[in-house]
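> 1 is the number of the first residue of the sequence shown in the working numbering; add one for each residue after it.
If you are wondering where the hints come from, they were derived from the structure by calculation, not from laboratory data.
Fair warning: there could be bad hints in the mix.
[Claimed, not checked] Ranges between beta-carbon positions, derived for each pair: (1) P239 x A137: 15 to 21 Å; (2) D161 x E125: 48 to 54 Å; (3) L163 x T109: 25 to 31 Å; (4) A61 x P239: 20 to 26 Å; (5) G149 x F248: 30 to 36 Å; (6) L33 x L86: 46 to 52 Å; (7) M77 x G214: 44 to 50 Å.
[As the list claims (entries may be wrong)] Listed next, the in silico DSS-like pairs over lysine-lysine satisfying Cα-Cα at most 25 Å (straight line): (8) K121 x K162; (9) K82 x K56; (10) K121 x K82; (11) K75 x K162; (12) K21 x K56.
Quick caveat, the model's predicted, so the values are computed rather than measured.
The beta-carbon is built from N, C-alpha and C at its ideal position, and this holds for glycine as well.
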Amino acid sequence: VNIFLRAFPFLDQVSKENINKSASYITRRDQLLGLDVNNTDYVLGLFQPGYMDYHKLANEAEQPTLAEMTELAIKMMQKEAKGFVLFIEGGRIDVAHHENKAHLALDETVELHKAVETALKMTNEDDTLIVVTADHAHTMNINGYPRRGGDIFTYVQGTKDKLAYSTLSYANGPNTPRFKEGGNGQHDIISDTRDDPHYTFQTINLLDAETHDGQDVTVFARGPWAHLLVGNYEQTVIPYAMSFAAGFGPAVELLDPEHKFER
1 VNIFLRAFPF LDQVSKENIN KSASYITRRD QLLGLDVNNT DYVLGLFQPG YMDYHKLANE
61 AEQPTLAEMT ELAIKMMQKE AKGFVLFIEG GRIDVAHHEN KAHLALDETV ELHKAVETAL
121 KMTNEDDTLI VVTADHAHTM NINGYPRRGG DIFTYVQGTK DKLAYSTLSY ANGPNTPRFK
181 EGGNGQHDII SDTRDDPHYT FQTINLLDAE THDGQDVTVF ARGPWAHLLV GNYEQTVIPY
241 AMSFAAGFGP AVELLDPEHK FER
């Protein structure tokens, strides 16, 4: 592991090997942006004591963006003559969905998009396979017939009660249920502060936290052997396809000898 950028501390897990190599421990955005890549062998970046702050709520002077961490990681790893494997996660998308906070979940998704754009610009599809996917879906849905070009965070009119309902909603999770216990109708969201990043969107089944659901997720791939990730397949196929493309790992026995990675 040459570079590790995250929130949770894991100093007790760091290997003592290569102790004479040059290493940097960074905790702020300015340290990341100012790092001398050419004279640094290892980087450990821990920017929060717990989860990274949501991008929309973060202190921009202290916490780097996912795209900035991606850029540094690729610059560090591109120094490896035999190539590299890099894992990047927009982990707070999932957390925001569990809280039914669509504002934050979609903003974190945009940040992941920017990180993917950075990776695409910095690599060559002739020799670099990039795979973008998710490990599961959530219960968020787009409802009704909202106005074309309208704000996805707003509401739609048209219920029998003449009340509005949110364009985005969740099948379960925190917030007032769509139909209140003992009530005779649905929650009127017109007066809600819907532009608040912490606004929790409508749900039918009240839970402490929203759950995953059973929808298929999309896999986007560009680069060598990307055609292996086309169609509908089990999730466990993905690491095998990546292993096959890289020439090492669990799928290596499927390769011809000349295609195997030379360690």
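> The structure should be examined with respect to each hint, and the outcome stated for every one.
Results for each hint:
no.	hint	result
1	P239 x A137: 15 to 21 Å	holds, 19 Å
2	D161 x E125: 48 to 54 Å	holds, 53 Å
3	L163 x T109: 25 to 31 Å	holds, 29 Å
4	A61 x P239: 20 to 26 Å	violated, 38 Å
5	G149 x F248: 30 to 36 Å	violated, 48 Å
6	L33 x L86: 46 to 52 Å	violated, 19 Å
7	M77 x G214: 44 to 50 Å	violated, 35 Å
8	K121 x K162	violated, 49 Å
9	K82 x K56	violated, 37 Å
10	K121 x K82	holds, 20 Å
11	K75 x K162	violated, 56 Å
12	K21 x K56	violated, 36 Å
Checked against the numbered hints given earlier, the structure breaks hints 4, 5, 6, 7, 8, 9, 11 and 12 and satisfies all the rest.
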